[in-house]
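Colleague: One-letter residues, chain by chain:
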Amino acid sequence: MRTHATSWHAWVAVTVVATANTGSSLLAQSRGQAPDERDSSQRCGPTHILVDSSNANTESLLVLCEKSGEIVRLDRDTGQVLNRQEIGEEPFSMTIGPDAGRIYASCRRGQEVVELDATSLDVLRRFPLVGDPVGVAVSADGSRLYVALHSLDLVAVVDLESGQVTKRLVAGNGPTMITVLPERRLVYVSNLLTPPETAGRPPYLELTVIDDETARILDRINLPNANIGRWMAHTPDEAFLVVAISRPKNLIPMAQVARGWVVTNGFALVSPDGRHPPVQLLVDQPNLGVADPYAVAMTPDGRKFYLTGAGVDQVIAVDAEKARQVMKEALAGEIPRYADHLGLSRRYVVARIPVGACPQSLAIGSKGNRLFVGNRLDDTITVIDVATDQVVQTLTIREPTADDRLARGEKLFHNAKRAFQHQFSCVSCHPEGGVDGLQYDLEPDGIGLNIADNRNMRAVRGTGPFKWNGKNPDIATQCGTRTAKWIVRTGWLSSTQVVELVEYIRSIPAAFNPYRRPDGRLTRAQRRGKKVFERTTLNNGTPLPDRDRCDYCHSGPYHTNGRKFDVGTRGPRDTDGEFDSAHLINLFDAPPYLHDGRAPTLEEIWTVYNREDKHGVSSDWTKQQLNDLMEYLKSL
Amino acid sequence: MSNRHVKTTILLAGLAASTALARPPIYDQWTTFSVKDGIPSDKVFCVYAADDFVWIGTDHGAARYDGTGWRILSPKDGLAHQAVLGIARDPDSGDMWFATMGGLSRYSAGRMDTFTQLNSGLANNVVYGVTIQNGEVWAATAAGASQYEIAKDRWTIHDDTNSPMHEIWCYSAAGDGKRIYLGVWGGGLLEWDPARRRWKDYRDPDGEMEIDLFRDDGLVHDILTGVACDRNGIVWAGSYFGLSSYDGRKWRNFLDHDSPLISNFINAVTAHGDFCWIATDDGLNATNRADWWSYRRNEKTGRGVVVWTPRRGEAETINIDSIFPHNYVLGTAFQKNAIWVATEKGVARGTPSGLRTAAARDVSPNSKANKALKR
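Residue numbers (the working numbering), protein chains in the order written: chain A, 353 to 988; chain B, 2 to 376.
Hints were generated in silico from the structure; no laboratory data involved. Everything numeric in this text was worked out from a predicted model, so none of it was measured. Treat the hints with care, as some may be off.
As the list claims (entries may be wrong) - Quick list of in silico lysine to any residue cross-link-like pairs, SDA-like style, CA-CA up to 20 Å: (1) B:K201 <-> B:Q148; (2) B:K179 <-> A:V517; (3) A:K975 <-> B:A143.
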């Protein structure tokens with residue numbers, strides 16, 4: 353075990369990541385959508401960094417590049433590219449095996465994990481892993497690889513000798529990153545979202561714990577009032593684990609944005625030995641947020657950890673001992689409402705360091721004196737002196753290319769600096785372009801009225817009008833003045849910037865659909881479900897009026913006719929009973945369902961909330977028909 | 002001694018040893034757990050034992066025994082319904098699955114997920130049995146069987162529309178590592194071949210309710226209550242009219258009047274080692290198709306009677322001081338050297354003290370020993 357730890361330290365692998373909102377034009381085309389307009393071939397998009405100190409003379413940096421599909425080895429001091437290797441579509445994160453000879457990198461869009469020779473970067477094996485593979489980690493004994501399958505809510509366990517998946521464990525909602533505590537033989541899995549069942553209630557995040565010896569689920573730790581779980585790092589003695597989280601206050605009216613506390617940001621301190629309950633602390637200041645906490649890295653001595661604020665282009669340095677002291681006081685009841693306390697951060701945040709655009713990965717050099725920050729949206733790496741917390745260098749992986757409107761739009765989407773007090777960016781509520789699974793009360797129509805479920809931003813091109821009430825005819829209306837007035841509450845964007853943002857949003861591709869066969873053919877159950885979807889008569893042969901057919905409202909390439917209908921779902925807080933016919937692309941990807949998120953599962957749309965047969969006639973369906981329809985809908 | 006003789010001797014010794022190992026011990030030391038010991042109800046429908054915990058399902062929730070005490074799970078904890086009829090463990094994840102009268106619940110490291118006919122593809126909320134094999138959950142429900150592929154989050158219903166399910170009231174599910182078997186109330190035994198994705202049905206050839214016309218011609222009866230697969234490839238099917246077993250080629254059936262089977266009214270069957278354990282309304286049996294154990298409680302004295310009836314040789318009656326709390330037995334499970342027996346008056350753990358059988362004279366089904374066990 354100690355040997356492992358030593359060799360692991362030779363490759364100080366730390367934090368990481370990136371949103372996967374860029375993607376494959378092939379997939380878009382296969383769905384009948386417009387091809388991806390973005391030309392990302394000249395961009396890198398660093399999503400993960402490892403420091404390679406296996407060479408005694410010099411350290412080098414290994415960088416996963418999401419946009420170019422490469423792994424790149426850089427000279428640590430000059431940023432010169434020493435080696436590069438194409439590995440697959442949309443690399444996301446990587447880890448190093450205990451013997452330091454192998455690297456395992458996940459490729460989200462490629463639906464695989466790639467095994468690389470750590471020296472030559474040659475591809476040795478490919479493990480197909482459908483389900484949006486993201487976080488990866490190798491077991492302490494080196495025999496197994498854990499892979500978070502984000503869209504299936506599973507952790508795949510791969511036997512590294514045979515290359516076979518031996519089991520798939522059920523994680524929380526959207527497992528994201530995985531970290532192994534080798535001495536304790538524990539595996540921690542962060543999850544992105546609150547379970548869909550929490551609609552209308554405070555969210556919570558699950559931290560899934562796996563026994564590394566048996567590869568079985570050992571514990572599920574709930575972090576109340578948290579959402580968007582990202583990266584984790586642990587102290588060298590494995591006494592504490594730090595998890596990057598957000599703490600949304602979505603159940604209060606968005607008017608509170610003006611008071612600075614609708615979305616707050618910070619970390620959870622988790623005690624793996626269970627001696628202390630998890631404690632959540634913020635890194636925001638009373639009048640300035642640190643939107644989108646993402647990557648975390650711990651110094652080798654455990655005295656300090658760093659957290660990126662991807663939405664504010666900052667790295668936050670936290671004195672670990674001071675944070676633990678606050679934690680003790682909090683647990684002793686000495687600090688009321690500590691988890692929402694915007695003033696506490698002054699006690700443990702020791703530096704707020706400006707870096708490049710959208711910092712989503714971190715790594716610390718083997719000597720612990722240098723912090724490397726991967727800035728995903730400007731293809732740079734910021735080098736920070738750990739002793740002084742000063743930026744000492746910026747390495748450029750690729751020179752900026754010609755003016756790129758989409759790139760500017762992508763930066764706008766990911767940047768919170770235009771929101772009031774930098775509280776949140778578009779990504780804060782639309783992680784990876786999708787949804788945060790929460791419901792919000794926007795008050796233009798009255799406080800406490802028309803609580804609306806957040807809607808997916810993936811593959812929205814051509815699916816207008818927008819909003820559940822269908823009042824916004826296009827994305828520009830949705831994301832322009834309306835956003836300025838009712839959401840970010842600032843001057844927001846210039847008209848040119850709105851165009852750039854809209855262009856980027858229109859380019860966000862659909863998520864990879866694990867329920868769809870690679871060749872696009874439907875399974876037998878899906879074909880049967882399609883018949884239900886398109887049926888023109890009841891089971892007894894009675895003709896169905898057009899409006900009672902699924903494919904009337906959900907028609908066309910995006911399965912929406914763009915009109916509003918009363919489907920019998922008006923609730924006591926709704927001022928209108930008619931709602932926009934939602935498009936059905938990537939339906940599997942966006943629970944909960946219906947305008948206020950009341951249906952945690954697709955089935956409940958009809959089994960619970962369609963008692964009057966207003967949402968299509970479903971009362972004559974057999975259970976078989978319902979199941980078949982679910983299979984079809986998930987394939988869209 | 003020649004090499005050949007040495008090999009033969011070793012072989013015989015090995016056979017003898019394996020036979021001895023395969024024979025269950027005499028469980029003569031019993032501890033009963035009832036409501037006063039912390040279980041939620043004395044009416045224990047089922048029991049499941051793993052290395053670390055024992056789980057029971059009752060009419061008032063499930064409970065877990067960790068060796069020292071019981072922890073109860075009820076609908077307040079998210080359990081689908083208080084009546085828990087079946088329990089299974091996912092060997093991959095360690096997750097527990099509960100078949101209840103209100104759906105299927107998964108208990109995973111403190112998290113309870115419930116699957117019902119309203120929020121999932123589950124065929125029906127009344128779930129009598131559950132088993133997990135190769136990453137698939139099979140639920141025997143009152144409206145067919147549900148197959149849930151965990152990794153694909155995909156449900157498939159098997160009922161009269163897509164399988165030879167004469168009735169859709171599925172009562173029990175078991176797997177042999179490859180195939181799945183369903184015990185169907187009125188529909189006989191169904192065998193699912195996952196490679197061919199096809200069902201094969203086994204029915205009572207005579208179709209008679211009251212009699213078994215020809216011996217060993219197939220299932221004793223179409224109304225099955227339990228099914229189990231042992232390590233030798235034998236499928237066991239319990240009914241309210243006797244016991245059936247099928248080795249892939251031949252059937253062997255057992256009735257209370259022509260075998261040591263205590264009662265034809267069988268609530269559940271469990272395979273353990275080479276033996277099938279038969280939970281009846283009047284005691285507990287175990288058999289490997291040749292040798293038999295019978296356990297029965299003397300309700301007057303509270304003491305137990307154990308009868309060992311070997312294939313050859315003489316039956317032997319052993320009186321033991323303690324036994325399970327009631328002869329209405331609903332299920333069995335095994336943990337290390339212990340047997341757990343679910344009854345309508347609590348659950349009991351039996352362990353062997355090392356008692357051994359000795360030869361007895363009377364081996365016939367109507368022997369004094371066996372008669373003593375009959376009602």
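Colleague: So which hints don't hold here, by number, going up?
Modeller: none
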